[in-house]
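Q: Sequence:
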Amino acid sequence: YGNASDLATTTLGENFDYEQQVAELPILDRGIERVAEYSPNISYGPSANTLSIAGAPSFDTVVLLDGAEVSDPYFGSAADLFLEDAVREVQVLTSGISARYGRFQGGVINAITKSGTNDFEGTLRAEFEKQSWDAKTPFGETQDDTLNPTYQATVGGPLITDRAWFFAGGRSFPTRREAKTALFTGESFSTESEETRWQLKLTGALTPNQLLEVSHLDFDATDDQTDGLPAGEIRALGTRHDPNTTDTLGY
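In the numbering used here, the protein residues as written are 305 to 555.
Derived by calculation from the structure, the hints in this document are not laboratory data. Treat the hints loosely; a few may be bogus.
[Stated by the list, open to error] In silico lysine to aspartate or glutamate, EDC-like type, Cα no more than 16 Å apart, as pairs:
| id | residue 1 | residue 2 |
| --- | --- | --- |
| 1 | 434 | 448 |
| 2 | 484 | 445 |
| 3 | 440 | 482 |
| 4 | 484 | 524 |
| 5 | 434 | 496 |
| 6 | 484 | 438 |
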């Protein structure tokens, strides 16, 4: 009898670098899960806007942002709390995954945000949307003609060269107006929304091989249905306020 060999496992998946890959792909929505869709062995889950990895239910998918879990515990999807221009890389793990991630059956979507470097770098982005630019369906639904801008900016650089760095970013849009149609009555109604996101991340090198990272991400959104309440339309229930914060500490 020969000696038993050690059991070796290899983690399988895909890495997407935002600067080198995502910027070159025809991706309109640069959200974490929309980028992850381009990975092998991943498909849409049974619930809307959820992903299934390796055939497992979508609620068994874990989504991480800088080491903090941001996935919904019931449906597995992740809220868009982050700044797209702040994401550095999205990693999709489909098999051979370390047990340290925990609470998954299908796989893990792991997103990492940028950290400052010894050079000062930044980005500016402005996006403009108008609902009337979209084609109508054969039902001829009402469309709003308001121009809706979104502004985004990031900056990063050294606090102490080779020792400490910072990264900060913000994303905001003023009042955005959109026309919607009630599902049961076919009645048209309008919604207004406002949203602000910002992130601050500090990185320090304790030794050349030991890094300490602290990150704070703040998300605040308000949705307001301005017309009368259409019968049987849950999306038109007055004003909704969604504040969220995510704090991470990594070593």
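Q: Mind checking the alpha carbons of residue 484 and residue 438 for me, to see if they're no more than 16 Å apart?
A: holds (13 Å)
Q: Please verify whether residue 484 and residue 445 have alpha carbons no more than 16 Å apart.
A: holds (8 Å)
Q: Keeping to a limit of 16 Å between CA atoms, is the pair of residue 434 and residue 496 held or broken?
A: holds (13 Å)
Q: Taken at face value, is the distance from the CA of residue 448 to the CA of residue 434 at most 16 Å?
A: holds (7 Å)
Q: What's the verdict on residue 484 and residue 524, does the C-alpha distance respect the 16 Å limit or exceed it?
A: Not satisfied, since the Cα-Cα distance of roughly 22 Å exceeds 16 Å.
Q: Please work out if residue 440 and residue 482 have their alpha carbons no farther apart than 16 Å.
A: holds (14 Å)
Comparing the model with each earlier hint shows a violation of hint 4 alone; every other hint is respected.
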